[in-house]
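Student: In the working numbering, the protein residues as written are 1266 to 1379.
By construction, these hints were calculated from the structure, which means they are not laboratory data. Hints are not guaranteed to be accurate.
[What the hints assert, rightly or not] List time: in silico SDA-like cross-link candidates among lysine to any residue, alpha-carbon distance up to 20 Å: (1) LYS1303 x LEU1316; (2) LYS1303 x ILE1319; (3) LYS1303 x HIS1338; (4) LYS1303 x THR1317; (5) LYS1303 x LEU1321; (6) LYS1351 x THR1340; (7) LYS1303 x ASP1324; (8) LYS1351 x THR1307; (9) LYS1303 x ASP1289; (10) LYS1303 x ILE1313; (11) LYS1303 x ASN1335; (12) LYS1303 x VAL1293; (13) LYS1303 x LEU1342; (14) LYS1303 x ALA1330; (15) LYS1351 x GLY1285; (16) LYS1351 x PRO1311; (17) LYS1351 x ASP1310; (18) LYS1303 x THR1340; (19) LYS1351 x THR1286; (20) LYS1351 x PHE1287; (21) LYS1303 x ASP1282; (22) LYS1303 x ASN1325; (23) LYS1351 x THR1341; (24) LYS1303 x VAL1333; (25) LYS1351 x PRO1308; (26) LYS1303 x GLY1280; (27) LYS1351 x GLY1284; (28) LYS1303 x ASN1345; (29) LYS1303 x THR1341; (30) LYS1303 x GLY1284.
[What the hints assert, rightly or not] Label pairs and their computed distance ranges (CB to CB): (31) GLU1361 x GLU1334: 40 to 48 Å; (32) VAL1366 x GLN1329: 43 to 51 Å; (33) THR1317 x GLU1349: 19 to 27 Å.
Computed from a predicted model, the values in this text were never measured in an experiment. From the three backbone atoms N, C-alpha and C, an ideal C-beta is built for every residue, glycine too.
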Amino acid sequence: MSQSLNPLRAPFRIGVDIGGTFTDLVMVDAQGQLRNEKVLTTPLDPSIGVLTGIQLILDNNGVQANDVENVIHGTTLVANALIERKGVRTALITTEGFRDVLQIGREWRYDIYD
1266 MSQSLNPLRA
1276 PFRIGVDIGG
1286 TFTDLVMVDA
1296 QGQLRNEKVL
1306 TTPLDPSIGV
1316 LTGIQLILDN
1326 NGVQANDVEN
1336 VIHGTTLVAN
1346 ALIERKGVRT
1356 ALITTEGFRD
1366 VLQIGREWRY
1376 DIYD
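Could you put the whole structure together from the sequences, leaning on the hints where they help?
Tutor: Quick look at the structure:
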């Protein structure tokens, strides 16, 4: 295992959120100090924006990739596609006992875990 270039601040964690327009990144060190970056989302291949953003946040803060312990990812791309009714037609097929899946997915049930 290589030695950290940032022994007082490593390990780092990076959070990535891919949105419809921007991909936001936040990096936190062991002391809780935050750094952030924003890059354009690359709709045809969102991984390009993620990798570009990670490289940018590392470079701008003098952090090596091997100093990163975790990368956490989230996205609103699917929710946006559903809201905007973009994408291909999709069907949901379930087995007996799962008739409430649509209600749960739409958060229509009062007690979602019952």
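Student: Hints first: check each against the structure and report whether it holds.
Tutor: Verification of the hints:
Restraint check for LYS1303 and LEU1316: the C-alpha separation of about 12 Å stays at or below 20 Å, so the hint holds. A distance of roughly 10 Å separates the Cα atoms of LYS1303 and ILE1319; the hinted pair therefore holds under the 20 Å criterion. A threshold of 20 Å between alpha carbons decides the hint, and for LYS1303 with HIS1338 the separation of about 14 Å falls inside it, so the pair holds. As the CA atoms of LYS1303 and THR1317 are separated by approximately 10 Å, the hinted pair is consistent with the 20 Å bound.
Between LYS1303 and LEU1321, the direct Cα distance comes to roughly 9 Å. Compliance with the 20 Å bound is thereby established for this hinted pair. Our distance criterion of 20 Å between C-alpha atoms is met by LYS1351 and THR1340, whose separation comes to about 16 Å. The straight-line distance between the Cα atoms of LYS1303 and ASP1324 is roughly 14 Å, inside the 20 Å bound, and the hint therefore holds. Using a Cα cut-off of 20 Å, the hinted pair LYS1351 and THR1307 holds, with the two alpha carbons roughly 17 Å apart.
Of the supplied pair hints, the one linking LYS1303 and ASP1289 holds, its CA atoms being roughly 5 Å apart against a limit of 20 Å. With a C-alpha separation of about 13 Å, the suggested pairing of LYS1303 with ILE1313 holds against the 20 Å cut-off. The hinted pair formed by LYS1303 and ASN1335 meets the criterion: a straight-line CA distance of about 19 Å does not exceed 20 Å. Distance hint between LYS1303 and VAL1293 is fulfilled; the C-alpha atoms sit about 15 Å from each other, no more than 20 Å.
Pair hint LYS1303 plus LEU1342 holds up; C-alpha atoms about 16 Å apart against a cutoff of 20 Å. Straight-line distance between C-alpha atoms of LYS1303 and ALA1330 comes to about 18 Å, which keeps the hinted pair within the 20 Å bound. Taking the CA atoms of LYS1351 and GLY1285, the gap is near 12 Å; set against the 20 Å cutoff, the hint holds. The hinted pair formed by LYS1351 and PRO1311 meets the criterion: a straight-line CA distance of about 16 Å does not exceed 20 Å.
Restraint check for LYS1351 and ASP1310: satisfied, since their Cα atoms lie roughly 16 Å apart, inside the 20 Å limit. For the hint linking LYS1303 to THR1340, the alpha-carbon distance of about 14 Å falls within 20 Å, and the restraint holds. Simply put, LYS1351 and THR1286 have alpha-carbon atoms about 15 Å apart, close enough for the 20 Å limit, and the pair holds. Using a Cα cut-off of 20 Å, the hinted pair LYS1351 and PHE1287 holds, with the two alpha carbons roughly 18 Å apart.
For the proposed pair LYS1303 and ASP1282, the alpha carbon gap of about 10 Å is at most 20 Å, so the pair holds. Note on LYS1303 and ASN1325: the hinted pairing holds, with a Cα-Cα distance of about 12 Å set against a maximum of 20 Å. The straight-line distance between the Cα atoms of LYS1351 and THR1341 is roughly 13 Å, inside the 20 Å bound, and the hint therefore holds. The suggested pairing of LYS1303 with VAL1333 holds, with an alpha-carbon distance near 18 Å, which does not exceed 20 Å.
This hinted pair checks out: LYS1351 and PRO1308 have alpha carbons roughly 13 Å apart, not beyond 20 Å. The straight-line distance between the Cα atoms of LYS1303 and GLY1280 is roughly 12 Å, inside the 20 Å bound, and the hint therefore holds. Between LYS1351 and GLY1284 the CA atoms are separated by roughly 15 Å; this keeps the pair inside 20 Å, and the hint holds. Distance restraint check for LYS1303 and ASN1345: the Cα-Cα separation of roughly 19 Å lies within the 20 Å cut-off, and the hinted pair is therefore satisfied.
Between LYS1303 and THR1341 the CA atoms are separated by roughly 15 Å; this keeps the pair inside 20 Å, and the hint holds. Taken as a hint, the LYS1303 and GLY1284 pair is honoured in the structure, with Cα atoms around 10 Å apart against an allowance of 20 Å. Here the CB-CB span from GLU1361 to GLU1334 is close to 44 Å, well matched to the stated 40 to 48 Å. In this structure the supplied range 43 to 51 Å holds for VAL1366 paired with GLN1329, their Cβ-Cβ distance being about 44 Å.
Range check, THR1317 to GLU1349: about 24 Å between beta-carbon atoms, so the 19 to 27 Å window is met.
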